[in-house]
Amino acid sequence: MEATIYRSHVLICTGTGCVSSGSGKIKERMVAELEERGLQKEVKIVDTGCHGFCEKGPIVIVYPEGVFYCQVDVEDVSEIVEEHLLKGRIVERLLYKEPLTEESIPSYNEIDFYKKQMRIALANCGRINPESIHEYIAVGGYEALGKALTEMTPEEVIEEVKKSGLRGRGGAGFPTGLKWELTRREKSDKKYLVCNADEGDPGAFMDRSLLEGDPHRIIEGMAIAAYAIGADEGYIYVRAEYPLAIHRLEVALEQAAELGLLGENILGSGFNFNLHIKKGAGAFVCGEETALMASIEGRRGMPRPKPPFPSVSGLWGKPTNINNVETFANVPYIINNGAEVYSAIGTEKSKGTKVFALTGKINNTGLVEVPMGITLREIIYDIGGGIRDGKELKAVQTGGPSGGCIPADLLDLPIDYESLTEVGAMMGSGGMVVMDESTCMVDVARFFLSFTQSESCGKCTPCREGTKRMLEILDRICAGEGREGDLELLEELGNHIKETSLCQLGGSAPNPVLSTLKYFRAEYEAHIKEKRCPANVCEGMKSAYVIDESVCIGCTACTRVCPVDAISGERKKPHYIDPDVCIACGACAAKCPVSAIAQG
Amino acid sequence: MSKITLTIDGQTVQVEAGTTVLEAARELGIKIPTLCYHPELSLHGSCRICVVENLDNGRLLASCVAPVADGMNISTRSPRVRKARKMNLELLLANHPDDCLGCDRSGNCELQTLTYEMGISRNDVERFAGEKRDLPIDDVGPSLKREPNKCILCGRCVRVCAEVQGLNALEFTGRGFNSVVSTAFDLPQNEINCSNCGQCVVVCPVGALTEVSEIERVWEALADPEKYVVVQTAPAIQVSIGEEFGLEPGSVVTGKLVAALRRLGFDRVFSTEFSADLTILEEGNEFIGRIKGNKNLPHITSCCPGWIKYAEHNYPDLLNHLSTAKSPQQMFSAITKTYYAEKIGVDPANIFTVSVMPCTAKKFEKVREEHRDSGFQDTDAVLTTRELARMIKEVGIDFLNLPDEEYDEIMGDVTGAATIFGTTGGVTEAALRTVKEVLTGEPLERLELGFMGIKETEVEIAGRTYNIAVVSGLNNAAKLLDEVRAGTSKYDWIEVMACPHGCIGGGGQPIPMTEETKIKRTQGLASIDKSNTIRKSHENPDIIRLYKEFLGEPLSGKAHDLLHTSYQARSKN
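Protein chains in written order, with the numbering used here: chain A, 45 to 644; chain S, 13 to 585.
Hints are not guaranteed to be accurate.
As the list claims (entries may be wrong) - Derived pair list, reagent style PhoX-like, types lysine-lysine, alpha-carbon separation capped at 20 Å:
(1) S:K491 <-> S:K502
(2) S:K98 <-> A:K542
(3) S:K95 <-> A:K542
(4) S:K239 <-> S:K95
(5) A:K322 <-> A:K350
(6) A:K350 <-> A:K542
What the hints assert, rightly or not - The calculated label-pair distances, taken between Cβ atoms and stated as ranges, are:
(7) S:S133 <-> A:E532: 16 to 22 Å
(8) A:E583 <-> S:C112: 55 to 61 Å
(9) S:D146 <-> A:D276: 49 to 55 Å
(10) S:G186 <-> A:E285: 15 to 21 Å
(11) S:D146 <-> A:E285: 56 to 62 Å
(12) S:G305 <-> A:D276: 25 to 31 Å
Hints listed in this document are in silico derivations from the structure and should not be mistaken for laboratory results.
A virtual CB, placed ideally from N, CA and C, is assigned to each residue, including glycine.
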């Protein structure tokens, strides 16, 4: 192969987020523009995985300068080529602007969103072409597997992972090394290794990004784990809604097999490992390990009681070890750098980093990887750029639909497994939804519970029937029909469901309700006793809009958009909204040219 | 196995490792309430009624799935336990129709019993009032009726169908509150790969699964002066119907059964055992023919309609192995509307044939298009044991104090061989008694085939060794059939009964039904066989007369027309 030295590399993100915002067309145009100018031998285009900053996509980074262009349009491509690649002048208008200072930041590493991150699992995402095993190997890929297979016994691998303090990133936080040891200890002719990529939390895309952006890292992590526990066969259970991740995994599996990094006698060590992809049909409950295994076996994804634990009786009754995608992503780093380096990161009981999907009413949404022990304040204000439109932070919801809401006054909480559980939330797989003052906490609790109720497998009584009754109570509270005793009943039911459900879906489903009841009880009470939604969100309790007569110019714009004919008045004279007819949809306020309309 | 010592409600107990807390408690005589638990099925752990408290850590455990641990300290009655159990029951009741008065299982419903025992009031349930499941009833029949609104999703039916019968005709579908037990694509019961065996009915703790009732049709016929109503009772009924009136399982109540039927107004009362003897003569001779011609072996029995429908769906390629002999029920009805009608001079158009069966699949069998050889639908109505008991109760017949009466004449003689048709292995033993005597003139030793699963034996007749297998439960049958399909079966004769233990464990039998109940019923049948002076089918005087006066000889043309049938391949779905 003839090596070509390029003077510039243009990295175009091909994660799902940027693909949806048009990075495919940008690449096409870039290829054309480079060819037109005869630059194809000087500038190389590289498809990469996700940078995590999907909100600003499509993202294009130009190296060697590391200039970060965001929200690039097809029409911008010729300017990037002409100005930057030909003349060496940065296209200012496409740079990222810090939300608070409005300052343009040219370099990738200088952006606050990235500055405070510590990217271990995501190290290669956005940096290499995920469909090239050679790029992965060039950045040190498969070195850890080589080291494990040739220099370490399985027991030593387990010991290293135990010492690193790595805990399951799927949410429960079980020590990974210990889990491996339990499976290793079982005597069996056959053992399985499973990667749980059934990412089902609304808004979460950690696993997807990892699989799309750096599939070989997961494969490497799994091969090391398989060696450690003594498994020769593995499954990656990934939801069918992730076609790009599946495609990249397929490519990666094929490449790894071709190079002898999967299959029989890997690296001449005598260790065999065959890996399959199993597409899930998209049931949230299949993230639960026993349901996931049932699904792989071709049965309905329903959890079964534990014990027996998968380490004793898992897939097809054989000892099985299941870890989450992100857990595996940390393994090569630990083997390469040693447990001490890894365990130096984080808190006493939670080591390393955690990837969060940062969403909600925050300026910078996206995927971030931060060291354990970082505070919510740092994530929200330093990385996330603060709350949108200068509003006040109200709460942060962590842990996905079964997590809990943390109020703003706990902003300096250092985040780890224990601290989150203590305040009634949980780590979960890493969802983080930021809410501002315009969020109704009752409505939020209702939203999350409606998700878990409809995703319950329906097997056990408390989860199937109990969450439905909780949801009905929340529905009536939000409709202004809450009753005396409803809050007590919610708490009674919530605690009951947590205590008696079969699996952790039910065991955690009431969390959003219980945690909001704990921290925002007054808001619930306002709904029930005053029939008022303080955040003005709940339908039926929204207060009607009112026109400020001293400001209204009588343009009649509001009259024309009102869907229920609640507005009357003569032209060029102040108008009036009938509060009994108004449904508080806000269409009039949005249309008013002089901002004369507001909720009363 | 190592021993584990634990404390339950202050009492210490030592049990094998791997025992569940529920089982350990039962050893101490502490009955923990359950709904989804069933001793003969896999553990499910879903209803959460059986929760107990681990006093060491305050956790609530589902005792049916919680293994014991050394030093465990369990309470089965702490305030937290009682509250949690009640709340789970209340949640189930909040999504259950308020229809106890109109329910087939009223008075024999596990949900109702627990509600009473836990002292749950209407107010307790009403605080959870909200949406209720509102799904249509599947009663297109002809055998089974599903009322999904009554279902408490314990999954016992799903498990018995999958684990015991290997059919998977029922499965959970939907999610969350919309979860429901249903058939593939929500098809009605009569359009799916279902054997109609009714084992799902027997394990259902509530009234969500029942038989399609024919009680009213029978009352109508009895009230119709034009109709000459003839009833036959299957051998298994006489050892089980007593349970409906408080007797021990296995109590033999043949005479009272006959008396009760007469008092209900049936014009003639017969036993299906008569035609069981007829079946033996036909099927026994058919088997001898196959052996001589070395054709269609192994010979597989055909008297169980659940098994027949299962074979039609799942082994259509093996239907030539099935005996063409009709089941005793269908032989009886065909003979009734021909030979017997002639004998008593009644127009067969006015004869209404009823059979009392331990079986739900018989309800399907009677409407099969093949069973119209008398020129009419041969069997008009099929009642389960439970349905007959209900009729007897309705009109206030004091069953326990009835005198013992005899079956009616000319089709009333029965043999011990026919009696044991009601239990697994019985058909085989009855047939071999006749086969051996026909071939050698020597009697057969007692075989003692039964009770459960797959039994095999070798019988030597006239210098040839016959390999015999007896199987009950369709999942067990599948193992033998797969061998037949693969051409590796060593057997000459296979008896298949769809229900575990055969007809005495049938889907139409009294509920509850446990392993112990089934063993006692089997013992009841064996005692009748032993006490019968005629124990071989070919010695039944009424049968001898039937051949002499009407049929000629076994496998004659007339016998073929009336007593043999054919089968049809059905879809696997």
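To see whether the hints hold, each was checked on the structure:
no., hint, in the structure
1, S:K491 <-> S:K502, "13 Å, holds"
2, S:K98 <-> A:K542, "16 Å, holds"
3, S:K95 <-> A:K542, "14 Å, holds"
4, S:K239 <-> S:K95, "58 Å, violated"
5, A:K322 <-> A:K350, "23 Å, violated"
6, A:K350 <-> A:K542, "16 Å, holds"
7, S:S133 <-> A:E532: 16 to 22 Å, "19 Å, holds"
8, A:E583 <-> S:C112: 55 to 61 Å, "39 Å, violated"
9, S:D146 <-> A:D276: 49 to 55 Å, "51 Å, holds"
10, S:G186 <-> A:E285: 15 to 21 Å, "20 Å, holds"
11, S:D146 <-> A:E285: 56 to 62 Å, "31 Å, violated"
12, S:G305 <-> A:D276: 25 to 31 Å, "53 Å, violated"
Hints 4, 5, 8, 11, 12, counting from the list given before, are not met by this structure.
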